[in-house]
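Participant: Please put together the full structure from these sequences, using the hints given.
There are 2 protein chains.
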Amino acid sequence: MKALDELVGLLSRLPGIGKKSASRMAFAILKADGAYADLLADRIAGLRDRVRFCRECGSYSESELCEPCSSVARDRRLICVVEQPQDALTIEAAREYHGLYHVLGGLISPLDGIGPETLGIAKLTKRVRELGATEVIVATNPTVEGDTTALYIKRSLESLNVKVSRLATGIPVGGDLEYADRLTLARSLRGRTAL
Amino acid sequence: MKALDELVGLLSRLPGIGKKSASRMAFAILKADGAYADLLADRIAGLRDRVRFCRECGSYSESELCEPCSSVARDRRLICVVEQPQDALTIEAAREYHGLYHVLGGLISPLDGIGPETLGIAKLTKRVRELGATEVIVATNPTVEGDTTALYIKRSLESLNVKVSRLATGIPVGGDLEYADRLTLARSLRGRTAL
Numbered sequence: 000m001k002a003l004d005e006l007v008g009l010l011s012r013l014p015g016i017g018k019k020s021a022s023r024m025a026f027a028i029l030k031a032d033g034a035y036a037d038l039l040a041d042r043i044a045g046l047r048d049r050v051r052f053c054r055e056c057g058s059y060s061e062s063e064l065c066e067p068c069s070s071v072a073r074d075r076r077l078i079c080v081v082e083q084p085q086d087a088l089t090i091e092a093a094r095e096y097h098g099l100y101h102v103l104g105g106l107i108s109p110l111d112g113i114g115p116e117t118l119g120i121a122k123l124t125k126r127v128r129e130l131g132a133t134e135v136i137v138a139t140n141p142t143v144e145g146d147t148t149a150l151y152i153k154r155s156l157e158s159l160n161v162k163v164s165r166l167a168t169g170i171p172v173g174g175d176l177e178y179a180d181r182l183t184l185a186r187s188l189r190g191r192t193a194l
Numbered sequence: 000m001k002a003l004d005e006l007v008g009l010l011s012r013l014p015g016i017g018k019k020s021a022s023r024m025a026f027a028i029l030k031a032d033g034a035y036a037d038l039l040a041d042r043i044a045g046l047r048d049r050v051r052f053c054r055e056c057g058s059y060s061e062s063e064l065c066e067p068c069s070s071v072a073r074d075r076r077l078i079c080v081v082e083q084p085q086d087a088l089t090i091e092a093a094r095e096y097h098g099l100y101h102v103l104g105g106l107i108s109p110l111d112g113i114g115p116e117t118l119g120i121a122k123l124t125k126r127v128r129e130l131g132a133t134e135v136i137v138a139t140n141p142t143v144e145g146d147t148t149a150l151y152i153k154r155s156l157e158s159l160n161v162k163v164s165r166l167a168t169g170i171p172v173g174g175d176l177e178y179a180d181r182l183t184l185a186r187s188l189r190g191r192t193a194l
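Residue numbers (numbering that gives the first Met the number 0), protein chains in the order written: chain H, 0 to 194; chain F, 0 to 194.
Hints were generated in silico from the structure; no laboratory data involved. Fair warning: there could be bad hints in the mix.
Treat identical chains as interchangeable: a pair holds within one or across any two.
[Stated by the list, open to error] Computed cross-link-like contacts, EDC-like style, restricted to lysine to aspartate or glutamate with a CA-CA straight-line distance of at most 20 angstroms:
no., residue 1, residue 2
1, K30, D41
2, K153, E116
3, K30, D48
4, K1, D86
5, K162, E63
6, K153, E134
7, K18, E157
8, K122, E55
9, K19, E177
10, K18, E129
11, K125, E157
12, K125, D74
13, K153, D32
14, K18, E5
15, K1, D175
16, K18, E177
17, K125, E177
18, K153, D41
19, K153, E5
20, K153, E129
Facilitator: Structural data, given as structure tokens:
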């Protein structure tokens, strides 16, 4: 069945989708009413046209400036630095943050030939200065590259009068000590908070 | 981000796809090259036009007759009865079966108001007679409805000189006794085979 196989092949190229899930999805599309398949196809085809990058911060946006950058309700003295555009959306979804974003587009990784200049950290420094930011929250992942990048950003901003912070690492809410790895547990001990 | 949210909403209506997986898929589509998104959209939109049902057996097919039904290499005296069109494809993928199929389109379920007449078991009897089938393999799921339907088929074919068999139930290959449920274990004992 070429039509099904082709679709399964395409779907299984998506992250987290194996051949089995792709098959189930394809069968569901086949069995759903035609309007669903047409709408899904239309939205997939149009996604890249509708979504672009914010001119200011590099987040995903449907207009020239993203929602946070164009909002007057945001705290413009707070900048959250993220690795990828989608990280900004993930943080938005938590509904806890009310400042602006800055997308690096990667992390410092000498082995992959990605240095500070590739990530445009100079642009971040410039924004910090222009906005008169009081705090930069580095929200890169708690990995070697994420930590290295965070440290580099901290040093780059040392001459400016700005606080640089990092997302807390520790045991996830609802998590279980038993399943926490050694490094997470060690970090959660070091970062313990007073009750 | 309306464009992303819409796509995530549509994707998460597919089976086994939660909001998190749908998000990851949407981001991957956004980050992939445009040709991928266009191809995926095209295949989704075209799927229902390209795939229809075999006139003979009710399996999915890209032409009037499905591959098994139109093949001369198949054993036309062997009929495998399945619940859904996709079950035939699943069995095909095992590359072990070389007969024809018959799709019921459901299982007998008095509570849901699905009786033998809805499933067109009369059509099956007619095919068995016309093809001069020697064996009917009932490959419905090993559930109450699947078992009931299998028994009903056995009784419907009693007047015809045809062997009626059922897929073996037991512990999956590579499975672990410890994780087998009581019913599966009981069935695998009853159905034990000589070494």
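Participant: Could you run down the list of hints and mark each one as holding or not?
Facilitator: Taking the hints in turn, this is what the structure says about them:
1. K30 to D41: Intra 18 angstroms, inter 17 angstroms, cutoff 20 angstroms: intra and inter.
2. K153 to E116: Within one copy only: 15 angstroms inside a chain, 74 angstroms across chains, cut-off 20 angstroms.
3. K30 to D48: Result: close only across copies, 12 angstroms inter versus 28 angstroms intra.
4. K1 to D86: Between copies only: 17 angstroms across, 37 angstroms inside.
5. K162 to E63: neither (29 angstroms within a copy, 70 angstroms between copies)
6. K153 to E134: This pair counts as within: shortest intra-copy Cα distance 11 angstroms, inter-copy 75 angstroms.
7. K18 to E157: For K18 and E157, neither the intra-copy (50 angstroms) nor the inter-copy (40 angstroms) Cα distance is at most 20 angstroms.
8. K122 to E55: Answer is within; shortest intra-copy Cα gap is 10 angstroms, inter-copy 66 angstroms.
9. K19 to E177: neither (31 angstroms within a copy, 25 angstroms between copies)
10. K18 to E129: Neither: 50 angstroms inside a copy, 38 angstroms across copies.
11. K125 to E157: Within one copy, since 13 angstroms is at most 20 angstroms while 85 angstroms is not.
12. K125 to D74: within (18 angstroms within a copy, 75 angstroms between copies)
13. K153 to D32: neither (54 angstroms within a copy, 34 angstroms between copies)
14. K18 to E5: within (12 angstroms within a copy, 25 angstroms between copies)
15. K1 to D175: neither (46 angstroms within a copy, 36 angstroms between copies)
16. K18 to E177: neither (33 angstroms within a copy, 27 angstroms between copies)
17. K125 to E177: The answer is neither: 44 angstroms in one copy and 61 angstroms across copies each exceed 20 angstroms.
18. K153 to D41: Answer is neither; intra-copy 44 angstroms and inter-copy 47 angstroms both fail.
19. K153 to E5: Cα proximity of K153 and E5: none, with 48 angstroms in one copy and 38 angstroms across.
20. K153 to E129: within (17 angstroms within a copy, 81 angstroms between copies)
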